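Dock chain L against the given chain C, drawing on the hints supplied.
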Amino acid sequence: MIITERYIGVLIMAGISFELKRALKGKKITNLLLAFTYSTSLSAGPWIISILSIIFAGITAERAGVPHEIIRKYQIVITYITAFSLILSGPFQLLFTRYIADRLFEKKEEKLLSNFTGVLLLNLLIGFIFGVCFTLLTSLKDIFNNAPFFVISFIFSLSLMTGFWIINTLLTSFKSYKYILFSFITGFGIMILSAPYAGRFGLSGLMVSFFIGLSIVFILLIGYIFYQYDTDRLIEFEFLNKEKIFISLSFVGLFYNIAIWADKFIFWFSPTTGENVIGPFNASIVYDIPIFLAYLVISPGMGIFFLKLETEFAEYYDRYYSAVREGETLDRIYELGIELVNAVRTLIQEVLRIQAIAVIIIFLMEFIIFKFLHYSPLYLPLFNILLLGTYLQLVVMTIIAVQFYFDLRNYALYTTLTFALFNIVLTILSIYAGPFFYGYGFFGSLVISFLVGIFLIRRFLSEIHYRTFMLI
Amino acid sequence: MVKVDKGKNVDVLIIAEGTYPYVKGGVSSWIHSLITGLSDFNFGIVFLGSKEENYGDIKYELPENLTFLSVNFIFSDQEKPEPEIINAGKEKFEKIKEIHKWFRGQKGKLFLEILQKRAFYLTEIKEEEFLYSKEAWNFIAESYFEYAVDSPFVDYFWTIRNIHDPIWRVSKVMEELPSPTIVHSPSTGYAGFLSALIKEEKKIPFILTEHGIYTRERKIDIVNADWIKDRSFFFQKEIDDIEYLKKMWINFFTGIGKFSYDTSDMIISLFEKARKLQLKLGAPPEKTRVIPNGIKVETFLEARKSRPKEIPKVIGLIGRVVSIKDIKTFIKTMRIVVNKLPEAEGWIIGPIDEDISYFEECVKLTNVLELQNNIKFLGFQNLKEIFPKIGLTTLTSISEGMPLVILESFAAGVPVVATDVGSCRQLIYGGLNEEDVKIGKAGEICQVANPSQLAENYLKLLTNEAEWIKCQKAGIERVEKFYTYQEFLDNYREIYRSFDNGRNFV
Chain C
1 MIITERYIGV
11 LIMAGISFEL
21 KRALKGKKIT
31 NLLLAFTYST
41 SLSAGPWIIS
51 ILSIIFAGIT
61 AERAGVPHEI
71 IRKYQIVITY
81 ITAFSLILSG
91 PFQLLFTRYI
101 ADRLFEKKEE
111 KLLSNFTGVL
121 LLNLLIGFIF
131 GVCFTLLTSL
141 KDIFNNAPFF
151 VISFIFSLSL
161 MTGFWIINTL
171 LTSFKSYKYI
181 LFSFITGFGI
191 MILSAPYAGR
201 FGLSGLMVSF
211 FIGLSIVFIL
221 LIGYIFYQYD
231 TDRLIEFEFL
241 NKEKIFISLS
251 FVGLFYNIAI
261 WADKFIFWFS
271 PTTGENVIGP
281 FNASIVYDIP
291 IFLAYLVISP
301 GMGIFFLKLE
311 TEFAEYYDRY
321 YSAVREGETL
331 DRIYELGIEL
341 VNAVRTLIQE
351 VLRIQAIAVI
361 IIFLMEFIIF
371 KFLHYSPLYL
381 PLFNILLLGT
391 YLQLVVMTII
401 AVQFYFDLRN
411 YALYTTLTFA
421 LFNIVLTILS
431 IYAGPFFYGY
441 GFFGSLVISF
451 LVGIFLIRRF
461 LSEIHYRTFM
471 LI
Chain L
1001 MVKVDKGKNV
1011 DVLIIAEGTY
1021 PYVKGGVSSW
1031 IHSLITGLSD
1041 FNFGIVFLGS
1051 KEENYGDIKY
1061 ELPENLTFLS
1071 VNFIFSDQEK
1081 PEPEIINAGK
1091 EKFEKIKEIH
1101 KWFRGQKGKL
1111 FLEILQKRAF
1121 YLTEIKEEEF
1131 LYSKEAWNFI
1141 AESYFEYAVD
1151 SPFVDYFWTI
1161 RNIHDPIWRV
1171 SKVMEELPSP
1181 TIVHSPSTGY
1191 AGFLSALIKE
1201 EKKIPFILTE
1211 HGIYTRERKI
1221 DIVNADWIKD
1231 RSFFFQKEID
1241 DIEYLKKMWI
1251 NFFTGIGKFS
1261 YDTSDMIISL
1271 FEKARKLQLK
1281 LGAPPEKTRV
1291 IPNGIKVETF
1301 LEARKSRPKE
1311 IPKVIGLIGR
1321 VVSIKDIKTF
1331 IKTMRIVVNK
1341 LPEAEGWIIG
1351 PIDEDISYFE
1361 ECVKLTNVLE
1371 LQNNIKFLGF
1381 QNLKEIFPKI
1391 GLTTLTSISE
1401 GMPLVILESF
1411 AAGVPVVATD
1421 VGSCRQLIYG
1431 GLNEEDVKIG
1441 KAGEICQVAN
1451 PSQLAENYLK
1461 LLTNEAEWIK
1471 CQKAGIERVE
1481 KFYTYQEFLD
1491 NYREIYRSFD
1501 NGRNFV
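Read top to bottom, the protein sequences are chains C and L.
Counting from 1, one number per residue, gives the positions in the first sequence under this note's numbering.
Counting from 1001, one number per residue, gives the positions in the second sequence under this note's numbering.
Bound-form chain C, shown alone:
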């Protein structure tokens, strides 16, 4: 009998839903995880905790009689460490998060730990090298002679903190949230409690106590990671393998972190708004307090969009893609597509709305709050515009999260790039334009990136069916 390829047809058809299923399944899980980690690691979570710890450390130290000037210097140096470490680790945060999510989807858990070690060591090294270079190239070099411990703990804290953001990407995979809390409380608690004693040794003492506190958190978290995962290889650098990762995510992370720090750096180093505090570190009396308060005010709301994302939006998202996978008619898919578009609209609108209420309440009460905190009401106009800025920043984060949900990595890249570029350009312009325009640069850049992000999502959603089916 003839054995032509009888089953050629069977083979073709085996591809049918399978291919799509695979692609969509992967899509769902990885993006969920990515959105999840993205929102938590960059929102409320550790960021707020560490900032609050430093404020508390300052307060306790001041109570114990440490001069205010030293505490201010201490807080400013820590702010620089945070900024540098976030920007330095930016290229790896999202990149590695996605790498992990993909490996988990492939059920290759053994890849996790070895690559985590790889990315962690790489980031510690980057932080360290940057710290050393920064010291050698600036006036920090001269301070080394007088206060070696200050400089040394600056470099090591910077290195450690760069690695700390990488640990953050794995925090969501921890099964025990209590343990995370325990680690933070132990580490930062020791830092806060030791601050009054460390303060006796001046700035160096405070820096060392910060370094020790950070080290404790660091070690506790790492210990847990090593305890939780198994591996047969100590260290791997597969997360640098082009085939396994998405380079665009690296740029998204970098641009986002540059964007959120650009206006601050410009205000610090502009001759009209910045002043030297210690060595190479500048601060801006005009800008720092209002922007800090503005962030503090919106921080509780950071979790809200994530909640909305998880509960309402995710459901519509799921319904649409299951309808596609499971062979609904095109009519039904169109219907669910419309519902999904509505869900995206609702999500963004609700984040806008809920935060708007918070912002309005703050507007009404700001005078009292400032008086209570002993801040000059002169800050109020700038605070108001910065508050609108941070409010929009939250919305832009929502938009980026939605872009990740739909795996629109390039769109997220455009959105963050717009944010970064315009924040730099407009902030510089605002300084030239005079004090009345301070803060409008930050706000303006967010308006533009908000519009760009919305426009891109709109473009995707208008042809979502085409892209879902054809571009696989």
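Hints in this document: simulated from the structure, not taken from any laboratory.
All values derive from a computational prediction rather than experimental measurement.
Incorrect hints may have been included.
[Said to hold, decoys possible] Here are some, though not all, of the chain C residues that point toward chain L, as calculated from beta-carbon distances under 8 Å:
1) ARG63
2) TYR321
3) VAL324
4) ILE333
5) ILE472
[Claimed, not checked] Derived DSSO-like pairs: lysine-lysine, alpha-carbon spacing no greater than 30 Å straight-line:
6) L:LYS1080 - L:LYS1313
7) L:LYS1080 - C:LYS244
8) C:LYS242 - L:LYS1126
9) L:LYS1051 - C:LYS244
10) C:LYS107 - L:LYS1080
11) C:LYS108 - L:LYS1126
12) C:LYS242 - L:LYS1051
Glycine residues also receive a C-beta, built at the ideal position from the N, C-alpha and C atoms.
Relative to the frame of chain C, chain L by itself:
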């Protein structure tokens, strides 16, 4: 991917779809014996496979005169272009619509014209435009609403894609081909399609030899397939209502088969019945011709000489133990035979491991009918040793092409009783021409799945020695006259020569 290129002129380029040299089987050995037999021609092979992982190593020792071999996988994902958003322009899709009509079974005017131009696939509409452009999407969605509004869309979508896409792949195969004198395809389907393109492009003759009837085989595959998920509720179903998606596939293979018939210069079948089927499927009668397979008769002379004087009361069924061979009917028949002739035995000669559960059922049936002493499953055997020990060869299959075992049996001097499928009637009663009919019966033909008729004929031949000898003589005469390997080679040599010289050029 070119695997062999000896840099010599290729006289005959054979397009092997899923067969030679990667898969063993009827068509593959046919190709192999054709190439080795006609050493005065240089052959080239274009292998079309589905996906690389479905094939192992080359299974044949490649002959000296095989001077070119290229291997192509037309369903491979790796060869798909990278997805990107593309705007293709509307006019292009007017032509795609035309092709699509053809897939749906409406014969558009333009389709032959369009299909024949290979340039169409490579420049006018690129594969990536078909796969990724917005126009293609609109086109698929529109035709879904027009024709298949209740089918699961994801299935419809991939059916359209999977039907169309290999056409671009096949067209791309042409980019690295030599310039042969003749293109020869052993099937219609994608191989036939490619051959048609080669004919148009290189202006050379295209010979089609059909072993099975490709279109019909695909149709059976598709109707029985459960890979096209049927998601309709059972009360929505009407009897004989094949789903739209299945129809699309059938139309595709029918269309592509018709396309091969229309473009080829000669359509060869192995036996008369197959030729009639081709005519039914739209093959132009003036192009058709029958060239049967042949065997090396001399290989079986030894077996013929060593036959015992008595007719052994043994009936041999030579074939794999699978349902298409209908072994169960043979077992039932043996019950009737043994009732009348207790010493009769039935031997089943062929591999049993292809469909184990079917084999087990057969064993059970043997036990139930208490034939343990009369039926033997011998597995694979050397036929030259088996033939002298059996009195009759039989085939009870429900479907056959041109079974060589009948010819081999004749050559070894054993009459054959077979069911009326494929070329069996022609081989046993004669049907090639008048002269062939005059040779007379070389056995008997029975209905499919009719144990009492089979038993009657077995008994007649095993007990009536005069009749048996008559059949033996007819069989030997028929195979030596019409079905020798030499005859087969001479036929093809003659055809190749005639095209080679530019005669017979249609």
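Taking the hints in turn, this is what the structure says about them:
1. Proximity of ARG63 of chain C to chain L is violated relative to the hint, the smallest CB-CB distance being about 61 Å (cut-off 8 Å).
2. For TYR321 of chain C, the interface hint is violated, the least distance from its beta-carbon to any beta-carbon of chain L being 11 Å, above 8 Å.
3. Checking VAL324 of chain C against chain L: minimum C-beta separation of about 6 Å stays under 8 Å; hint holds.
4. Given the 8 Å rule on beta carbons, the hint for ILE333 of chain C holds: about 6 Å separates it from the nearest Cβ of chain L.
5. A least Cβ separation of about 6 Å between ILE472 of chain C and chain L falls short of the 8 Å threshold, and the interface hint therefore holds.
6. Simply put, LYS1080 of chain L and LYS1313 of chain L have alpha-carbon atoms about 60 Å apart, too far for the 30 Å limit, and the pair is violated.
7. A C-alpha spacing of about 19 Å is found between LYS1080 of chain L and LYS244 of chain C, which places the hinted pair at or below 30 Å, so the restraint holds.
8. A hinted pair counts as satisfied when its Cα atoms are at most 30 Å apart, and LYS242 of chain C with LYS1126 of chain L qualifies at roughly 28 Å.
9. About 24 Å separates the Cα atoms of LYS1051 of chain L and LYS244 of chain C, which keeps this hinted pair within 30 Å; it holds.
10. Restraint check for LYS107 of chain C and LYS1080 of chain L: the C-alpha separation of about 26 Å stays at or below 30 Å, so the hint holds.
11. Proposed proximity of LYS108 of chain C and LYS1126 of chain L is contradicted: the alpha carbons are some 38 Å apart, above 30 Å.
12. Distance check on the hinted pair: LYS242 of chain C and LYS1051 of chain L sit about 26 Å apart at the alpha-carbon level, within 30 Å; holds.
Violated hints, listed in ascending order, are 1, 2, 6, 11; each of the other numbered hints is respected by the structure.
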